[in-house]
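Peer 1: Now for the letters of each chain:
Protein chains: 2
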Amino acid sequence: MSDIERLIQSFAKLPGLGPRSARRAVLHLLKRRETVLQPLLQALVRADASVRNCQRCGNLDDTDPCGICGDPRRDGSCICVVEDVSDLWALERSGAYRGHYHVLGGLLSALDGIGPDELRIPRLVERASEPTVREVIMAVSFTVDGQTTAFYIAERLAGCDVRVSGIAHGVPLGGELHYLDDATLATALQARRQL
Amino acid sequence: MSDIERLIQSFAKLPGLGPRSARRAVLHLLKRRETVLQPLLQALVRADASVRNCQRCGNLDDTDPCGICGDPRRDGSCICVVEDVSDLWALERSGAYRGHYHVLGGLLSALDGIGPDELRIPRLVERASEPTVREVIMAVSFTVDGQTTAFYIAERLAGCDVRVSGIAHGVPLGGELHYLDDATLATALQARRQL
Numbered sequence: 001m002s003d004i005e006r007l008i009q010s011f012a013k014l015p016g017l018g019p020r021s022a023r024r025a026v027l028h029l030l031k032r033r034e035t036v037l038q039p040l041l042q043a044l045v046r047a048d049a050s051v052r053n054c055q056r057c058g059n060l061d062d063t064d065p066c067g068i069c070g071d072p073r074r075d076g077s078c079i080c081v082v083e084d085v086s087d088l089w090a091l092e093r094s095g096a097y098r099g100h101y102h103v104l105g106g107l108l109s110a111l112d113g114i115g116p117d118e119l120r121i122p123r124l125v126e127r128a129s130e131p132t133v134r135e136v137i138m139a140v141s142f143t144v145d146g147q148t149t150a151f152y153i154a155e156r157l158a159g160c161d162v163r164v165s166g167i168a169h170g171v172p173l174g175g176e177l178h179y180l181d182d183a184t185l186a187t188a189l190q191a192r193r194q195l
Numbered sequence: 001m002s003d004i005e006r007l008i009q010s011f012a013k014l015p016g017l018g019p020r021s022a023r024r025a026v027l028h029l030l031k032r033r034e035t036v037l038q039p040l041l042q043a044l045v046r047a048d049a050s051v052r053n054c055q056r057c058g059n060l061d062d063t064d065p066c067g068i069c070g071d072p073r074r075d076g077s078c079i080c081v082v083e084d085v086s087d088l089w090a091l092e093r094s095g096a097y098r099g100h101y102h103v104l105g106g107l108l109s110a111l112d113g114i115g116p117d118e119l120r121i122p123r124l125v126e127r128a129s130e131p132t133v134r135e136v137i138m139a140v141s142f143t144v145d146g147q148t149t150a151f152y153i154a155e156r157l158a159g160c161d162v163r164v165s166g167i168a169h170g171v172p173l174g175g176e177l178h179y180l181d182d183a184t185l186a187t188a189l190q191a192r193r194q195l
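Residue numbers (full-length UniProt numbering), protein chains in the order written: chain W, 1 to 195; chain F, 1 to 195.
Mixed in with the good hints, there may be bad ones.
Same chains, same names: a pair is fine if it fits in one copy or spans any two.
As the list claims (entries may be wrong) - Pairs of lysine to aspartate or glutamate, EDC-like flavour, derived with a Cα cap of 20 Å:
| no. | residue 1 | residue 2 |
| --- | --- | --- |
| 1 | K31 | D84 |
| 2 | K31 | E83 |
| 3 | K31 | D117 |
| 4 | K31 | D3 |
| 5 | K31 | E118 |
| 6 | K31 | E5 |
| 7 | K31 | D62 |
| 8 | K31 | D48 |
| 9 | K31 | D112 |
Worth flagging that the hints you see were computed from the coordinates, not collected in a lab.
Values in this document were obtained by computation on a predicted structure and should not be read as measured data.
Given these sequences and hints, build the entire structure.
Peer 2: If you want it as structure tokens, here you go:
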């Protein structure tokens with residue numbers, strides 16, 4: 001196999017890239033050595049050397065503790081529990097949260113044989129037991145595994161002196177009622193609030 | 001900027017990847033250091049070191065002359081002229097061509113100020129003058145710039161003892177007549193053949 005084909009195959013393994021877009025990306029790189037290939041290469045080498053999981057919250061960053069855990073302006077009394085780093089990134093982009101996080105690294109799943117010890121749940125219980133922590137917000141997917149995980153964690157935290165909450169479920173922004181699925185509509189109706 | 005953000009920005013510069021898919025790809029890489037990140041890194045380093053343009057035809061390969069120019073089983077009497085390496089790859093995938101290629105590296109364009117000297121046209125004239133070459137096939141896009149380039153090259157090759165041909169234009173495979181544009185239909189009608 002030629003070096004070009006090997007490079008295309010490596011790119012084609014990334015999510016969102018098929019063989020066709022991998023070929024396009026590789027050709028783009030090989031035609032722009034100085035401006036695209038070299039910067040990408042250096043960024044890969046640097047990130048590979050520096051990025052690791054934060055020992056405290058599980059976030060990926062080039063410092064440990066991560067930039068969020070180490071930021072004194074953030075509210076350490078509140079921990080937002082997410083499944084994955086990508087969820088943490090999504091919440092950060094929303095700009096709506098200024099507390100700390102805890103990345104589980106997955107969800108409980110009887111089907112996939114993922115129990116509490118495969119996730120960062122023991123570390124979360126430790127953190128929630130610290131006297132400074134007052135609230136744990138469950139921000140996990142509104143799926144069977146997500147809700148199972150949320151309720152399991154709420155039970156595990158029952159002994160700690162913290163409030164355990166979950167993000168709201170209902171009609172999303174821009175959601176038109178007649179396009180929404182029945183389950184979302186039923187949830188939104190049940191969780192109705194006084195205006 | 002953190003090393004992760006820098007890596008995401010490098011990926012987002014590739015064609016077909018936006019900020020969202022770049023984030024997904026980077027997270028995928030950082031979670032799979034041994035199986036995805038390291039192989040990609042090594043493939044990039046190798047390709048960057050080895051891949052160059054073939055001095056003869058302009059193709060990109062890790063050998064010079066390239067694998068096609070150096071293959072004794074291929075027919076050196078026929079040169080297929082293409083705009084870009086991606087077009088060469090497409091023709092190779094079709095499996096329908098067993099001759100040599102010539103990659104122009106672009107098309108003539110008055111608008112973009114691209115003249116014959118910006119492309120590999122002088123080298124093509126040299127090659128077409130070799131006594132072994134009998135046919136030059138123009139396989140360029142069916143656009144104004146593509147056809148301008150094809151006719152310009154045909155004129156430049158008028159002095160050489162070669163047949164200059166162009167790939168056929170007409171209804172594509174699976175093309176339903178009522179969905180085709182007028183220009184394609186008119187071309188297909190004019191270029192009709194005896195059955």
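Peer 1: Now tell me if each hint is right for this structure.
Peer 2: So, going through the hints one by one against the coordinates:
no., hint, in the structure
1, K31 - D84, "between (35 Å within a copy, 11 Å between copies)"
2, K31 - E83, "between (39 Å within a copy, 14 Å between copies)"
3, K31 - D117, "between (47 Å within a copy, 19 Å between copies)"
4, K31 - D3, "within (15 Å within a copy, 25 Å between copies)"
5, K31 - E118, "between (44 Å within a copy, 15 Å between copies)"
6, K31 - E5, "within (15 Å within a copy, 24 Å between copies)"
7, K31 - D62, "between (30 Å within a copy, 14 Å between copies)"
8, K31 - D48, "between (25 Å within a copy, 10 Å between copies)"
9, K31 - D112, "between (44 Å within a copy, 19 Å between copies)"
When held up to the earlier numbered hints, the structure conflicts with none and fits them all.
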